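Q: With the hints as constraints, model all of the structure from the sequences given.
Below are the chains, spelled out letter by letter.
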Amino acid sequence: MPQVRPSIGLTWAQVNVQTTDVNLGHRVIGIFMAHPKIIVVGGGLAGLAATIKIAEMGGHVDLFSIVPVKRSHSVCAQGGINAAKNLKGEGDSCWQHFDDTIYGGDFLANQPPVQAMCDQAPGIIDLLDRMGVPFNRTPEGLLDFRRFGGTLYNRTAFAGATTGQQLLYALDEQVRRYEAEGKVTKYESWEFLSGVIDDHRTCHGICALDLRSMEVHTFPAEAVVMATGGNGAIFGKSTNSVVCTGSAQSALYQQGAFYANGEFIQVHPTCIPGEDKLRLMSESARGEGGRVWVPRQAGDKRNPRSIPDSERWYFLEEWYPKYGNLVPRDVATRAIFKVVYEHQLGIDGQPMVYLDLTHIDRKILDKKLEGILEIYEKFVGDDPRDTPMKIFPGMHYTMGGLWVDYDQRTNIEGLYACGECDYSIHGANRLGANSLMSCIYGGFVAGPNAVKYAHNVIKSGKHPAHHVFDSERKRQEEINHRLMHNDGTENPFLLWRELGELMTKNATVIRYNKNLQETDAKLVEMLERYRHVNLSDKSMWANTSFVFARQLFNMLQLARVIAQGAAMRDESRGAHYKPDFPERDDANWLKTTKAYFAADADEPRFEFEPVDTSLIKPRPRRYDAAT
Amino acid sequence: MANNKTVILRIKRQDTPEAKPRWEEFEIAHRPGMNVTSALMDVAANPVTRDGKATTPVTYDSNCLEEVCGSCAMIINGKARMACSALIDQLEQPISLEPFSKFPVIRDLSVDRSVLFENLKKVKAWVPIDGTYDLGDGPRQSVVDQEQLYPLSRCISCCCCMEACPQFNEKTGFVGAATISQVRLFNAHPTGKALKIERLQALMGDGGIQECGYAQNCVEVCPKDIPLTKSIADVGGQTMWQAVKDFFRT
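As they're listed, the protein sequences go chains A and B. If you read the first sequence in our numbering, its first letter stands for residue 1, the second for the next number, and so on. If you read the second sequence in our numbering, its first letter stands for residue 1, the second for the next number, and so on.
Hints were generated in silico from the structure; no laboratory data involved. All values reported here derive from a predicted model rather than from experimental measurement. There's no promise every hint is true.
Calculated pairs, DSS-like style, for lysine-lysine (alpha carbon to alpha carbon, straight line, at most 25 Å) [said to hold, decoys possible]:
| no. | chain 1 | residue 1 | chain 2 | residue 2 |
| --- | --- | --- | --- | --- |
| 1 | B | Lys121 | A | Lys186 |
| 2 | A | Lys538 | B | Lys12 |
| 3 | B | Lys224 | A | Lys363 |
| 4 | B | Lys224 | A | Lys183 |
| 5 | A | Lys538 | B | Lys20 |
| 6 | A | Lys378 | B | Lys5 |
| 7 | B | Lys122 | A | Lys183 |
| 8 | A | Lys367 | B | Lys224 |
| 9 | B | Lys12 | A | Lys186 |
| 10 | A | Lys594 | A | Lys514 |
| 11 | A | Lys378 | B | Lys224 |
| 12 | A | Lys183 | B | Lys121 |
| 13 | A | Lys183 | B | Lys193 |
| 14 | B | Lys122 | B | Lys196 |
| 15 | B | Lys121 | B | Lys102 |
Here chain A is said to cover these stretches of chain B; the calculated rule only asks that three of the stretch's residues, wherever they fall, bring their Cβ under 8 Å from a Cβ of chain A [stated by the list, open to error]:
| no. | region |
| --- | --- |
| 16 | 26 to 36 |
| 17 | 81 to 89 |
| 18 | 119 to 129 |
| 19 | 133 to 143 |
| 20 | 189 to 197 |
Glycine included, every Cβ here is placed at the ideal spot set by N, Cα and C.
A: Written as structure tokens, this is what we have:
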């Protein structure tokens with residue numbers, strides 16, 4: 001019967017048995033049994049989706065995650081997941097979903113994969129339903145759908161207001177089933193450090209750090225799938241979880257992977273400012289009828305509920321009559337900035353506006369939004385059923401990420417990417433409730449393609465040389481050694497705070513070239529200061545500040561990609577807004593930014609590639625006079 | 001708001017799983033809206049004890065910081081709860097932080113809770129779908145059923161219910177409320193109930209559901225207000241019937 005696990009020592013022993021041989025034995029077995037071994041890094045929705053497909057196809061997955069996979073950042077997604085099931089008699093279609101997504105992304109996304117995702121979305125929802133996700137229901141027992149930003153259709157399936165949590169759990173349960181069958185081996189409490197990549201730009205496995213013993217190991221695999229999520233930590237406080245540093249993507253970028261559209265950062269209009277993070281207040285609050293407003297009178301100190309309608313300014317409804325409070329996030333965020341900074345109408349002179357649900361029946365709120373109302377209640381102390389919430393925009397999502405082709409392949413052979421860590425679906429701005437779908441879709445494409453590739457590797461009979469593994473491990477151990485024995489004066493936590501403030505100020509909602517150039521210069525300076533980081537903890541056991549310092553280096557490198565990419569793109573498109581270049585410029589900038597790392601110069605270089613707009617012709621994106 | 005208010009933390013620390021625990025006190029500047037995790041971040045940025053001794057940042061588990069990932073469970077002023085939703089202004093000072101006592105300590109406030117995930121494996125806490133290929137719509141479900149299952153599905157695996165349970169210890173090997181509640185969830189699902197018998201049989205015998213002593217601590221500490229005692233009663237009934245059926249079948 002279940003017991004408290006006798007000792008954690010047992011785990012390392014088991015791990016060591018599996019990892020010390022690098023590794024002819026496994027490979028020979030692999031050939032005879034034709035069970036390719038594939039590494040998946042990241043246990044959020046995308047990673048678990050890839051894992052399930054690989055296991056189902058007969059592959060063996062080594063699943064790496066910093067946290068137990070059930071605690072991945074996907075749990076934070078609240079409002080829902082989009083699919084044009086058209087169960088509300090509105091005539092919704094996959095094409096309409098596709099068009100909304102492309103239009104919402106301001107035509108920057110390559111269209112074929114977006115179309116594929118929208119076409120597969122209804123089937124994915126059915127699958128999730130079969131897996132037991134407790135989606136909200138209609139009286140007839142069918143899936144219920146609600147509205148979200150950037151669409152006029154009720155297209156968003158939801159499980160209360162904790163949809164991400166529920167989807168992650170459903171996939172986690174299926175992965176646990178495969179784990180019990182021996183098809184998945186989990187490496188939880190492991191940090192990805194780098195890919196094991198040979199001189200021919202082929203990936204043969206990964207190098208990872210045991211977050212307890214602090215030992216570095218290499219792990220071979222026929223293919224590697226990256227599903228390492230977002231990079232919110234580069235902006236200090238964001239809606240992201242602690243693990244969302246972008247460190248893994250940055251490490252691969254520094255090893256030769258392209259990083260695409262890094263400058264496209266989504267700032268979510270409605271967050272609860274906090275001391276440790278910005279907590280998301282889901283778009284579903286507006287999908288269920290929530291209204292954004294400020295008092296018309298600057299400095300109005302009255303209780304918001306006593307302010308009559310005529311003295312409230314529902315600025316989103318006024319400026320965008322058709323979409324109202326459900327304009328896309330970049331549009332809503334800029335509107336709030338305008339009201340707060342140009343009109344000086346923030347509540348009480350503070351950078352905050354009201355998000356008001358108090359006109360909605362409490363019972364409906366409890367059924368459809370309980371999870372998020374509970375967050376507001378617990379962390380702010382007010383009941384949003386009685387008092388309008390005070391919210392402000394905050395860094396939320398990166399549209400940019402590792403460059404992938406339509407098969408989710410990076411430019412490094414054998415290396416795939418899916419979910420938020422890849423750039424492919426959302427263009428210049430992501431629509432709400434499309435992220436969960438893009439994670440699962442991406443995993444469902446990456447997984448099978450990785451298996452196909454792995455079979456070819458096995459057939460070819462080629463094996464990587466041992467020294468590829470050894471030299472990567474040594475390279476990482478040297479980095480660790482240097483960091484451990486530094487005796488400078490820089491504090492990594494304070495350096496990180498500086499980074500966050502710098503990036504939030506200059507590289508989020510409103511961007512100026514001068515500030516971006518200064519930001520990059522500052523980042524170079526911070527990278528120099530990083531060399532003098534002195535850790536207050538030099539122990540070799542579960543040393544979290546050491547791990548954080550390693551992540552910080554990668555954050556600084558990736559921040560340069562974001563800042564320089566933004567500086568270069570002289571136009572305004574989706575989330576990227578420059579007052580000096582207020583229009584979208586398709587003639588010059590309808591193209592994907594691809595950053596690569598010039599190791600000799602220790603800096604990013606850029607090239608550009610045309611966007612595939614073969615299915616929907618670009619048209620002006622106007623939510624104030626929507627066509 | 002400039003004030004000179006400070007926050008005093010008493011933290012039980014332990015360098016390795018084998019090391020002897022010790023207490024350290026920290027005094028940090030107070031800011032409105034602080035929670036325990038932001039206080040621990042402040043300690044990490046300046047790891048100096050109250051009496052001026054340089055020390056190391058405190059190791060603790062955390063991730064989402066909005067009480068949905070289940071990472072940052074610890075004992076705060078004697079109570080098992082999540083550190084992110086523990087607001088400093090609502091806590092009596094000095095604030096004491098300790099690791100869970102019934103799980104192996106990894107370091108400081110971080111413990112190994114993988115036993116819960118192992119238990120979920122044993123009770124087959126999943127819906128046995130045929131495959132991920134397209135098989136059309138899922139089973140219809142009434143609003144009433146959805147409303148009953150959804151709260152059970154919000155369990156964040158924090159293990160507070162297990163820490164607080166007097167029966168959860170090495171002597172009984174009790175599986176704990178979280179796992180039992182998941183059995184209730186999957187046994188009630190139209191497809192999930194295909195594994196009902198196996199799940200109930202896994203809950204019989206040593207460490208099984210009969211170890212519950214009805215102390216009701218679990219439901220009191222659950223940060224998600226999951227009706228755990230109701231789950232235990234429900235699954236207890238199911239298990240008893242199964243035992244009777246098994247008896248007559250043999």
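Q: Give a verdict on every hint.
A: Here's how the hints hold up against the structure:
{"no.": "1", "hint": "B/Lys121 x A/Lys186", "result": "holds, 13 Å"}
{"no.": "2", "hint": "A/Lys538 x B/Lys12", "result": "holds, 20 Å"}
{"no.": "3", "hint": "B/Lys224 x A/Lys363", "result": "holds, 19 Å"}
{"no.": "4", "hint": "B/Lys224 x A/Lys183", "result": "violated, 32 Å"}
{"no.": "5", "hint": "A/Lys538 x B/Lys20", "result": "holds, 19 Å"}
{"no.": "6", "hint": "A/Lys378 x B/Lys5", "result": "holds, 23 Å"}
{"no.": "7", "hint": "B/Lys122 x A/Lys183", "result": "holds, 16 Å"}
{"no.": "8", "hint": "A/Lys367 x B/Lys224", "result": "holds, 15 Å"}
{"no.": "9", "hint": "B/Lys12 x A/Lys186", "result": "violated, 30 Å"}
{"no.": "10", "hint": "A/Lys594 x A/Lys514", "result": "holds, 22 Å"}
{"no.": "11", "hint": "A/Lys378 x B/Lys224", "result": "holds, 11 Å"}
{"no.": "12", "hint": "A/Lys183 x B/Lys121", "result": "holds, 14 Å"}
{"no.": "13", "hint": "A/Lys183 x B/Lys193", "result": "holds, 24 Å"}
{"no.": "14", "hint": "B/Lys122 x B/Lys196", "result": "holds, 12 Å"}
{"no.": "15", "hint": "B/Lys121 x B/Lys102", "result": "holds, 20 Å"}
{"no.": "16", "hint": "26 to 36", "result": "holds (count 4)"}
{"no.": "17", "hint": "81 to 89", "result": "holds (count 3)"}
{"no.": "18", "hint": "119 to 129", "result": "holds (count 10)"}
{"no.": "19", "hint": "133 to 143", "result": "holds (count 10)"}
{"no.": "20", "hint": "189 to 197", "result": "holds (count 3)"}
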